[in-house]
Amino acid sequence: MTTTERTDIVVIGSGFGGAIAAYHLAAGGAKVVVLERGPWLSSEEFEHDFILGSSSTRIFEFVAGRGMSVLGGNCVGGGSVVFFATMPRAPSFVFERQGSIGRRLFPAAITRETLNPWYDRVVEALPVHRQEWSEVTYPGGLWAAACRHAGHTANPVPVAIDTAMCTNCNWMMAGCRFDAKRSLLMNYLPAAISHGAQIRPLHEAQQLPGTTTATTGCTTASSTTRTTGCRRAAARSTRRSSCSRPAPAPRR
Amino acid sequence: MQSDTSGGDQQRMRTLEAWADTFVPGAKRWPDDRAIAGAAAGPGAVEAGAVELLETPATGVSDGLDGLAKALNEHAEAWAATHGVAIDESVPAFVALSYANRTAVVRMLIAPDHPEKDIWILVALFCFMAFDTAAHIHTVDAIATGHPGLAAMGFAKPDADGLWRFPDFTYGMQLASLHPGTTPAGDPA
Chain A
1 MTTTERTDIV VIGSGFGGAI AAYHLAAGGA KVVVLERGPW LSSEEFEHDF
51 ILGSSSTRIF EFVAGRGMSV LGGNCVGGGS VVFFATMPRA PSFVFERQGS
101 IGRRLFPAAI TRETLNPWYD RVVEALPVHR QEWSEVTYPG GLWAAACRHA
151 GHTANPVPVA IDTAMCTNCN WMMAGCRFDA KRSLLMNYLP AAISHGAQIR
201 PLHEAQQLPG TTTATTGCTT ASSTTRTTGC RRAAARSTRR SSCSRPAPAP
251 RR
Chain B
1 MQSDTSGGDQ QRMRTLEAWA DTFVPGAKRW PDDRAIAGAA AGPGAVEAGA
51 VELLETPATG VSDGLDGLAK ALNEHAEAWA ATHGVAIDES VPAFVALSYA
101 NRTAVVRMLI APDHPEKDIW ILVALFCFMA FDTAAHIHTV DAIATGHPGL
151 AAMGFAKPDA DGLWRFPDFT YGMQLASLHP GTTPAGDPA
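As they're listed, the protein sequences go chains A and B.
Here the working numbering is used: the first residue of the first sequence is 1, the next is one more, and so on.
Here the working numbering is used: the first residue of the second sequence is 1, the next is one more, and so on.
Just so you know, the hints here were simulated from the structure itself, not pulled from any lab data.
Since the structure is predicted, the reported quantities are computational estimates derived from the model, not experimental observations.
Quick reminder that beta carbons are idealized off the backbone N, C-alpha and C, glycines included.
Mixed in with the good hints there might be a few duds.
Okay, the calculated bits of chain B under chain A, using three or more residues with CB under 8 Å as the criterion [claimed, not checked]:
1) 55-66
2) 122-136
3) 153-166
4) 172-180
To give an idea of the chain A side of the interface with chain B (calculated C-beta under 10 Å), a few residues [what the hints assert, rightly or not]:
5) Thr4
6) Glu47
7) Gly53
8) Gly65
9) Pro88
10) Val123
11) Cys169
With these hints in hand, go ahead and build the complete structure from the sequences.
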């Protein structure tokens, strides 16, 4: 079934890119609709199970590519639900790297210094936790020891994890069963919802038609002039006919 | 125990078993086991459930297995003819090959310039997945029934509620010096 609706803002995708924009726009008073292609799972639906059809496959999209296969988040919360919640700040030298023609790869305005206030905001919003050595896992400790033996330093990586709630289950890629991972399901998305944003799971943007005439809710525009403010967007979304994965296979 | 399936089903199954066994080889299940080449001790991908996983609809390849088995045997026949290898026609061509020759056919099919490379790599991937994750059955059941791949990796048993928790997870000590430019937030500057 296809329906036509109107809203102020349509956000496509509910991961890091979409959720944060959705929150700020909703908090600023806009009517926001977030379209998310994947399903919306609650904590108790995050399973410790490798079987095809369990959460570890439902919240992922797997693309078998030529030379490289890609796993990406495909659920409300996007990659934040399936990632390992490591939140390091990129070191300063990263931003100074040059490409093959000797030009700086990042725009001149982007440096670690200019990003630090934004890193600070993320640290506060998720929030991000600075790990002590007593919280570093065995693999992390092994890596640190290997670095030391090779003459290098190693820092415990800051994480978006409530370590008091974490059980070290090792199923982070299946979504956090224990609400310890501070994914966008725990912060920006509920904040956006509290400001009236609608999250629509299993909705995929299939077409973004260009407009030949600009329409606006606040000014009258000529047929050749686009207005930049107060534009209202017509969103067309098509509900997916099925979940991203078939039902689990029967037990053997 | 040998399967009682017959005819084309059996041909397909033995072909897929031989394919899976080429990636994660195992010991023969019975003395005249033809599908498993016996290139390694202990159970391999076949006994880990590779064919069951390939036949799971969620893989997206289950509907095409007839064609895949047929194509694989045609490739095996062509390879054998090219290399002067005699084929025992009482079994599918790929099954008739030795482990070394099966490996040579696989190497040809997954070579960067082979036009069918993508599909053969995808089908190979599920054979590894069967051994590494037992993705055709619930993980708690796989562990309870001694799934060979998970057992080989020492996959721990879950708690009574079927969830994993590791209260012992850290060396609990500083194992390297921090970067000298570490900021108050913990990151290198």
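Hey, does the A/Gly65 contact hint survive, CB to chain B under 10 Å?
8 Å, holds
**Item:** Given coverage of the region 122-136 of chain B by chain A, checked by CB-CB distance under 8 Å (3 or more)
**Value:** Satisfied; 6 residues make the cut.
Subject >> Hint check: 10 Å Cβ-Cβ cutoff, A/Thr4 to chain B >> reply: With Cβ-Cβ at 33 Å, over 10 Å, it is violated.
Interface hint outcome for A/Cys169 [beta carbon to chain B under 10 Å]
OK, holds: A/Cys169 within 10 Å of chain B, min 4 Å.
Claimed coverage, the region 172-180 of chain B by chain A - three or more beta carbons nearer than 8 Å: This one holds; 9 residues, not fewer than the three required, reach chain A with a Cβ under 8 Å.
Margin query: Does A/Glu47 hold up as a contact with chain B if the rule is Cβ-Cβ below 10 Å?
Written below: Check passed: Cβ of A/Glu47 comes within 9 Å of chain B, closer than 10 Å.
Does A/Gly53 pass the interface hint, meaning its C-beta sits closer than 10 Å to a C-beta of chain B? 6 Å, holds
Exercise. Taking 8 Å as the C-beta cutoff, is the stated coverage of the region 153-166 of chain B by chain A satisfied by three or more residues?
Worked result: holds (count 6)
Task: Claimed coverage, the region 55-66 of chain B by chain A - three or more beta carbons nearer than 8 Å - done: holds (count 4)
**Request:** Return the status of the interface hint for A/Pro88: holds when the least beta-carbon distance to chain B is below 10 Å, violated otherwise.
**Result:** 6 Å, holds
Handout entry: chain B contact restraint on A/Val123 - CB to CB distance below 10 Å
Key = OK, holds: A/Val123 within 10 Å of chain B, min 7 Å.
Comparing the model with each earlier hint shows a violation of hint 5 alone; every other hint is respected.
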